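Peer 1: Given the sequences, and given the hints that come with them, work out the whole structure.
What follows is each chain in one-letter form.
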Amino acid sequence: DTGVSQDPRHKITKRGQNVTFRCDPISEHNRLYWYRQTLGQGPEFLTYFQNEAQLEKSRLLSDRFSAERPKGSFSTLEIQRTEQGDSAMYLCASSFATNEKLFFGSGTQLSVL
Amino acid sequence: TQLLEQSPQFLSIQEGENLTVYCNSSSVFSSLQWYRQEPGEGPVLLVTVVTGGEVKKLKRLTFQFGDARKDSSLHITAAQPGDTGLYLCAGDQAGANNLFFGTGTRLTVIP
Chain X
3 DTGVSQDPRH KITKRGQNVT FRCDPISEHN RLYWYRQTLG QGPEFLTYFQ
53 NEAQLEKSRL LSDRFSAERP KGSFSTLEIQ RTEQGDSAMY LCASSFATNE
103 KLFFGSGTQL SVL
Chain U
823 TQLLEQSPQF LSIQEGENLT VYCNSSSVFS SLQWYRQEPG EGPVLLVTVV
873 TGGEVKKLKR LTFQFGDARK DSSLHITAAQ PGDTGLYLCA GDQAGANNLF
923 FGTGTRLTVI P
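For the protein sequence lines, the chains are X and U, in the order given. In this text, residue positions in the first sequence follow the working numbering: the first is 3, and each later residue adds one. In this text, residue positions in the second sequence follow the working numbering: the first is 823, and each later residue adds one.
In short, the hints are calculated from the structure, not lab data. These numbers come from a predicted model, not from an experiment. Note that the Cβ used here is the ideal one computed from N, Cα and C, for glycine as well. Any given hint might turn out to be false.
[Unchecked claim] Simulated crosslink set (DSS-like; lysine-lysine; CA at most 30 Å straight-line):
#1 U:LYS879 <-> U:LYS892
#2 X:LYS103 <-> U:LYS881
#3 X:LYS73 <-> X:LYS59
#4 X:LYS103 <-> U:LYS879
#5 X:LYS16 <-> X:LYS59
#6 U:LYS892 <-> U:LYS881
#7 X:LYS13 <-> X:LYS73
#8 U:LYS878 <-> U:LYS892
#9 X:LYS73 <-> X:LYS103
#10 X:LYS59 <-> U:LYS892
#11 X:LYS59 <-> X:LYS13
#12 X:LYS103 <-> X:LYS13
#13 X:LYS103 <-> U:LYS878
#14 X:LYS59 <-> X:LYS103
#15 U:LYS892 <-> X:LYS103
[Stated by the list, open to error] Chain X stretches covered by chain U per the calculated footprint, using a threshold of three residues with CB under 8 Å from any CB of chain U:
#16 38–44
#17 49–60
#18 106–112
Peer 2: Next up, the structure:
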């Protein structure tokens with residue numbers, strides 16, 4: 003299967019801990035997006051990469067959130083000092099071109115206790 | 823605030839019935855996409871509409887983009903239990919690097 007993969011699928015952590023999620027996009031795609039989805043809502047855009055360049059990060063929810071894509075392939079999303087309000091599904095998507103068809107991963111479900 | 827509002831938020835119908843889901847905004851979009859999402863999975867693209875007034879059909883699903891490119895609808899004919907899921911519209915604004923997703927419509931089709 004060569005779709006978008008995310009790891010882990012589920013993460014339970016205690017408030018104040020740091021967490022890191024990984025996304026492996028479809029290999030031919032140079033654009034990678036991170037979204038957050040809370041229960042009953044649509045995905046909310048967080049940040050976007052074209053190759054290794056992070057072209058949009060103003061919508062990251064706070065300075066506790068950071069993302070990297072060091073070699074233009076896989077990406078990581080880190081949340082420092084997690085809070086209960088960070089509990090959500092974190093979705094990664096990739097595409098060939100900006101706002102063309104997005105291929106989503108299955109997401110990482112984060113629960114902060 | 824959400825750029826795209828979807829209605830209804832929840833819809834539960836019997837198998838074989840028809841339904842329409844709406845996606846509305848005060849903003850103009852270059853294109854609009856519809857996705858379906860199942861529990862525990864990411865959204866999957868169903869269709870993209872680009873031209874104002876455009877109608878696209880995908881088997882029993884009919885998608886329409888408003889003339890002013892501010893709204894869209896999804897009509898399902900003779901709904902099946904397999905149509906159950908969260909339907910999301912997503913708009914692309916010129917110059918934006920991301921899609922704006924709607925609030926979603928959760929559809930349940932009862933056998």
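Peer 1: To test your reading of the hints: which numbers does this structure violate?
Peer 2: none
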